[in-house]
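Please build the complete structure, drawing on both the sequences and the hints.
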Amino acid sequence: VIFPEYLQENYIMCNGEGEYVCQNSQCICQCADEFPQCNCPTTDLQIMENTLIGMAETWEASYNDFENS
Numbered sequence: 566v567i568f569p570e571y572l573q574e575n576y577i578m579c580n581g582e583g584e585y586v587c588q589n590s591q592c593i594c595q596c597a598d599e600f601p602q603c604n605c606p607t608t609d610l611q612i613m614e615n616t617l618i619g620m621a622e623t624w625e626a627s628y629n630d631f632e633n634s
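Residue numbers (the working numbering): 566 to 634.
Hints are computed from structural coordinates only; laboratory data are not their basis.
Keep in mind that a hint or two might mislead.
[Unchecked claim] Here are the simulated distance ranges between beta carbons:
no., residue 1, residue 2, range
1, Ile618, Asn580, 22 to 32 Å
2, Val586, Asp630, 40 to 50 Å
3, Asn580, Thr623, 23 to 33 Å
Cβ coordinates follow ideal geometry from the N, Cα and C atoms, glycine included.
Pasting the structure below:
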């Protein structure tokens, strides 16, 4: 589906769940009534948390390898 240019930014930045609004260099998704939690991207936060856990485990393993060498 190809969106008109005026809808592309809203759809991409807010997952189609709100309107992307910028004021004084601060941009946020203003949630639509149907999606009151659009500014709380739980999936993205879970992905970041899992990535950080993986990085911590990798650093710990590397540190242990260094200590053992």
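Taking the CB of Val586 and the CB of Asp630, does the distance hold inside 40 to 50 Å? With Cβ atoms ~49 Å apart, the hint holds.
Check the following: the C-beta atoms of Asn580 and Thr623 are separated by a distance inside 23 to 33 Å. holds, 30 Å
Falls inside 22 to 32 Å, the C-beta gap from Ile618 to Asn580? Hint holds: Cβ distance 24 Å, inside 22 to 32 Å.
When each numbered hint is compared with the structure, no violation occurs for any of them.
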